[in-house]
Amino acid sequence: MLHFTRWKIIAALLTCLAGFLVALPNFFPKETVQSWPSFMPKKQLTLGLDLQGGAHLLLAMDQDEIKKDWINNLRDEARKELRDAKIGFTGIGTQGLTQLVIKLAKPEEQAAAIKALHKVRQPIGNALLGTGAYDVDVLEGPDPGTVILKESEQGLRQRIANAASASIETINRRVNNLGTSESTIVRQGTDRILIQFPGLKDTKELKKLIGETAKLTFHEVHPSISAEEARMTKIPTGYKIYPSDKGEGGGEFLLREQPVVQGSDLADAQPGFDSRNGEPVINFRFNQIGARKFGNFTKDHVGRPFAIVLDDKVLSAPVIREPILGGSGQISGNFTVEGTNTLAVQLRSGSLPTKLTIVEERTVGPSLGADSIAAGKLAGIIGGVAVVLLTILAYGTFGIFACVGLVVHLMLTLALMTLIGSTLTLPGIAGLVLGVAMAVDANVLIYERIREELRVGKMPVAAIDAGFQRAFVTIADSQLTTLACALIMFWLGSGPIRGFAVTLTIGIMTSIFASVTVVRLLISFWLKAQPKGRIAVVPV
Amino acid sequence: MLMRLIPVFKGADFFPHDLNLPFMKFKGPALALSIIAMAISIVLCATMGLNYGVDFKGGSLIELKTKSGNADIGVLREKLNSIGVGNVQIQEFGTPDDVLVRLEEQPGGEAAQQAALKKVVDATSADYVERRVEVVGPAVSSELRMTGFIAVAAGILAIVAYVWFRFEWQFALGAVVALSHDVLVTAGIFALFQFEFDLSTVAALLTILGYSVNDTVVVSDRIRENLRKFKKMELNELLNLSINETLSRTILTGMTALAVLISLYIFGGEVIRNFNFAMLLGVVIGTYSSIFIAAPLLGYLGVKRDWSDMAAKAVAATKSKAKA
Numbered sequence: 008m009l010h011f012t013r014w015k016i017i018a019a020l021l022t023c024l025a026g027f028l029v030a031l032p033n034f035f036p037k038e039t040v041q042s043w044p045s046f047m048p049k050k051q052l053t054l055g056l057d058l059q060g061g062a063h064l065l066l067a068m069d070q071d072e073i074k075k076d077w078i079n080n081l082r083d084e085a086r087k088e089l090r091d092a093k094i095g096f097t098g099i100g101t102q103g104l105t106q107l108v109i110k111l112a113k114p115e116e117q118a119a120a121i122k123a124l125h126k127v128r129q130p131i132g133n134a135l136l137g138t139g140a141y142d143v144d145v146l147e148g149p150d151p152g153t154v155i156l157k158e159s160e161q162g163l164r165q166r167i168a169n170a171a172s173a174s175i176e177t178i179n180r181r182v183n184n185l186g187t188s189e190s191t192i193v194r195q196g197t198d199r200i201l202i203q204f205p206g207l208k209d210t211k212e213l214k215k216l217i218g219e220t221a222k223l224t225f226h227e228v229h230p231s232i233s234a235e236e237a238r239m240t241k242i243p244t245g246y247k248i249y250p251s252d253k254g255e256g257g258g259e260f261l262l263r264e265q266p267v268v269q270g271s272d273l274a275d276a277q278p279g280f281d282s283r284n285g286e287p288v289i290n291f292r293f294n295q296i297g298a299r300k301f302g303n304f305t306k307d308h309v310g311r312p313f314a315i316v317l318d319d320k321v322l323s324a325p326v327i328r329e330p331i332l333g334g335s336g337q338i339s340g341n342f343t344v345e346g347t348n349t350l351a352v353q354l355r356s357g358s359l360p361t362k363l364t365i366v367e368e369r370t371v372g373p374s375l376g377a378d379s380i381a382a383g384k385l386a387g388i389i390g391g392v393a394v395v396l397l398t399i400l401a402y403g404t405f406g407i408f409a410c411v412g413l414v415v416h417l418m419l420t421l422a423l424m425t426l427i428g429s430t431l432t433l434p435g436i437a438g439l440v441l442g443v444a445m446a447v448d449a450n451v452l453i454y455e456r457i458r459e460e461l462r463v464g465k466m467p468v469a470a471i472d473a474g475f476q477r478a479f480v481t482i483a484d485s486q487l488t489t490l491a492c493a494l495i496m497f498w499l500g501s502g503p504i505r506g507f508a509v510t511l512t513i514g515i516m517t518s519i520f521a522s523v524t525v526v527r528l529l530i531s532f533w534l535k536a537q538p539k540g541r542i543a544v545v546p547v
Numbered sequence: 050m051l052m053r054l055i056p057v058f059k060g061a062d063f064f065p066h067d068l069n070l071p072f073m074k075f076k077g078p079a080l081a082l083s084i085i086a087m088a089i090s091i092v093l094c095a096t097m098g099l100n101y102g103v104d105f106k107g108g109s110l111i112e113l114k115t116k117s118g119n120a121d122i123g124v125l126r127e128k129l130n131s132i133g134v135g136n137v138q139i140q141e142f143g144t145p146d147d148v149l150v151r152l153e154e155q156p157g158g159e160a161a162q163q164a165a166l167k168k169v170v171d172a173t174s175a176d177y178v179e180r181r182v183e184v185v186g187p188a189v190s191s192e193l194r195m196t197g198f199i200a201v202a203a204g205i206l207a208i209v210a211y212v213w214f215r216f217e218w219q220f221a222l223g224a225v226v227a228l229s230h231d232v233l234v235t236a237g238i239f240a241l242f243q244f245e246f247d248l249s250t251v252a253a254l255l256t257i258l259g260y261s262v263n264d265t266v267v268v269s270d271r272i273r274e275n276l277r278k279f280k281k282m283e284l285n286e287l288l289n290l291s292i293n294e295t296l297s298r299t300i301l302t303g304m305t306a307l308a309v310l311i312s313l314y315i316f317g318g319e320v321i322r323n324f325n326f327a328m329l330l331g332v333v334i335g336t337y338s339s340i341f342i343a344a345p346l347l348g349y350l351g352v353k354r355d356w357s358d359m360a361a362k363a364v365a366a367t368k369s370k371a372k373a
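Sequences listed follow chains D and G, in order. Counting from 1, position 459 in the first sequence corresponds to residue 466 in this note's numbering; the numbering is continuous, with no gaps. Counting from 1, position 106 in the second sequence corresponds to residue 155 in this note's numbering; the numbering is continuous, with no gaps.
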């Protein structure tokens, strides 16, 4: 066992060298590393938010709102299809948020209705491959003359997936507008979105930016009835009462539910000031389609008010003085300067498909992160010194070999983490420490074994050989069980547990190489360097 | 040559190797003690309950640092009690200019947590800077609690499966009892002293499992080896011998682990103190359990001797593989 083939020695030394080189940039400041010659590795470990400071926000989409939007649309479509097919119906009712029940005027038209309603279905997944699944199932109702439209399981899943990716895109645009980079925005689970924002000092702005759906719509105001009158008598079909954004005293508006123009037709929005009274306003410009729609509408409605609605609240309801054909305009409301900035960003970035609620927030200030790193470093150095002292005290020269093995182990762990681009977190540092303890344990197992073999009377070289050989089984067993545990942590854990599991897993993998192969190599070099007579006093 | 310059010295053999301590004599009382400790732990967890942190209970945690001077907890408490965010817990955290504010989960779902957080920040922003904010809503906290529990249970299962695969079933049973003991007693101590129990405590528990099983496997490995070596030796005597033979390793490894953990506990900062404390506890409990629970259980369960021949072949096979 103590004999190494030449290529094995070379491979082991190269591995150590490569490990040192890859790990090296982590010990220098970023600027220094950048000035290194081009052949040197420059990649550094990413520090977790708990170490460098930053914000971590977990947002949840409102599934009910997505369903509500969907079922309202479906109802409109179903109505249209039945009308087009000239099939009479007496009512369309919703059942929960996933079902529509349609009562037909003539029960014998059920088959025809089902056929007509098939048009509202959208195929799911790859249209080319044609999975044959649809987002809506059209079924015969339990009573004669009824038809049920039911959202399918896959339909819902796809809708939520779509909403999530649309949300992520929108958040990305909004966040990029903040001028900060390096943020991570990913989907988590079915209906959650995780935003990680390194180095952010203040989350207030970020929260405000993603906290609004920013759905901007332009609506026609009912020409004759006011909201109060409609409330007392009957709300006309197609109209809906909207509150003002000024709160209780701002009044209510009776608006046509179908908007004239939507925020998605906006080409640009910029914060500005009203030239007359100096109030903060938003200047906007429509795209071609939006400009045409808005132009036609204002031409037909001169002298009548229209309403600018943001997230279902009326910002203002100015009277159209002349047709607005240029496709640009101004929104005023009770804005602050800051508010117009945020709103302009939100409008430029498009609206979120649904409101997002913050279900988890973790923010670490940069100074705390720096304190944590300093504390971790200090503890690491002191702990490391303690380990080195104990090992050398217990095993003398061989203890020094073990410590060299530990350094190699630590370097390789850092190198691997740097290579795979994993993130070092505070619990990760603890994982690193446990990895060191495992590596120490491997050497302790080997050396204790060597001592035992010596006690039974084996010759030094034979004892060392047997010690490595017999301890290896135990080392493999004990480290593999820990590895099993670490893998489970990675698989099931979240946040701190994961960070810990990653470093521990890597630590276990490198510890066997470092504490078995490298230390054995050192011992074999050392033995060869001994004069023949001294071999007898192996200092274990 | 460099090698020559290093004086060749023998290390100190920390632990006398010929002590042959009679561990097995104590197996009865030790097992009884462990069973009582486990029972008490269960009762403690059931009655006093674990002091869940925001991860598992939901709510908010805000770490504040004064802009200048020391924090006045009394003034802060008065202020925060008056803004209507329910029960506010304030404690000093590390240095005198750091305070930790805890809010209970607010009734009214996720948005209410954010509203309460804003109130606290607004009320304190004149004198304090926020250093850390953690807000966990009700949906997430119950999920974290669930996944934390599953992670610990699955960790035990994975370990047991591995031990069962590599050893006989008696070893696996010994390991699972020892591991459950470690987790239960640690939880019991957390319940007794009402230490905060959160995600990082779960990570610590999982680490304890790793450390404890590491210990158990080393002893089991030696038992298996001795079963082959001394075919006629009485089982209890053999278990005792195996524990004694591995004792110097157990102590030295334990000492280095403790040295590192203690230095982390003292110098590693306030944020991971909880985590470290759980690990410190775990190293001690885990070492105890592999000596006084896993090994004695083998004595009670009885291990077939003829099986060791089969295992020997398997080991020989792995060895020849390792050589190649």
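To be clear, the hints were calculated from the coordinates, so they are not data collected in a lab. Where a beta carbon is used, it is the ideal one built from N, C-alpha and C, also for glycine. Among the hints, a few may not be true.
DSSO-like, lysine-lysine: derived pairs with alpha carbons at most 27 Å apart [what the hints assert, rightly or not]:
1) K157(D) - K113(D)
2) K281(G) - K215(D)
3) K75(D) - K281(G)
4) K465(D) - K128(G)
5) K253(D) - K114(G)
6) K167(G) - K320(D)
7) K320(D) - K241(D)
8) K214(D) - K281(G)
9) K50(D) - K278(G)
10) K278(G) - K211(D)
11) K215(D) - K280(G)
12) K362(D) - K168(G)
13) K278(G) - K465(D)
14) K384(D) - K114(G)
15) K168(G) - K465(D)
16) K535(D) - K465(D)
17) K281(G) - K320(D)
18) K211(D) - K280(G)
19) K214(D) - K167(G)
20) K362(D) - K278(G)
21) K215(D) - K128(G)
22) K253(D) - K128(G)
23) K211(D) - K281(G)
24) K214(D) - K280(G)
25) K214(D) - K114(G)
26) K278(G) - K215(D)
27) K214(D) - K278(G)
28) K253(D) - K278(G)
Some residues of chain D that are not near chain G, with every Cβ distance over 10 Å (derived) [claimed, not checked]:
29) D144
30) V193
31) S231
32) N290
33) A491
34) F507
Hints, verified against the model:
| no. | hint | in the structure |
| --- | --- | --- |
| 1 | K157(D) - K113(D) | 21 Å, holds |
| 2 | K281(G) - K215(D) | 77 Å, violated |
| 3 | K75(D) - K281(G) | 77 Å, violated |
| 4 | K465(D) - K128(G) | 75 Å, violated |
| 5 | K253(D) - K114(G) | 37 Å, violated |
| 6 | K167(G) - K320(D) | 23 Å, holds |
| 7 | K320(D) - K241(D) | 21 Å, holds |
| 8 | K214(D) - K281(G) | 73 Å, violated |
| 9 | K50(D) - K278(G) | 52 Å, violated |
| 10 | K278(G) - K211(D) | 69 Å, violated |
| 11 | K215(D) - K280(G) | 74 Å, violated |
| 12 | K362(D) - K168(G) | 22 Å, holds |
| 13 | K278(G) - K465(D) | 17 Å, holds |
| 14 | K384(D) - K114(G) | 22 Å, holds |
| 15 | K168(G) - K465(D) | 74 Å, violated |
| 16 | K535(D) - K465(D) | 19 Å, holds |
| 17 | K281(G) - K320(D) | 88 Å, violated |
| 18 | K211(D) - K280(G) | 72 Å, violated |
| 19 | K214(D) - K167(G) | 11 Å, holds |
| 20 | K362(D) - K278(G) | 70 Å, violated |
| 21 | K215(D) - K128(G) | 26 Å, holds |
| 22 | K253(D) - K128(G) | 30 Å, violated |
| 23 | K211(D) - K281(G) | 74 Å, violated |
| 24 | K214(D) - K280(G) | 71 Å, violated |
| 25 | K214(D) - K114(G) | 22 Å, holds |
| 26 | K278(G) - K215(D) | 72 Å, violated |
| 27 | K214(D) - K278(G) | 68 Å, violated |
| 28 | K253(D) - K278(G) | 87 Å, violated |
| 29 | D144 | 29 Å, holds |
| 30 | V193 | 16 Å, holds |
| 31 | S231 | 38 Å, holds |
| 32 | N290 | 30 Å, holds |
| 33 | A491 | 4 Å, violated |
| 34 | F507 | 5 Å, violated |
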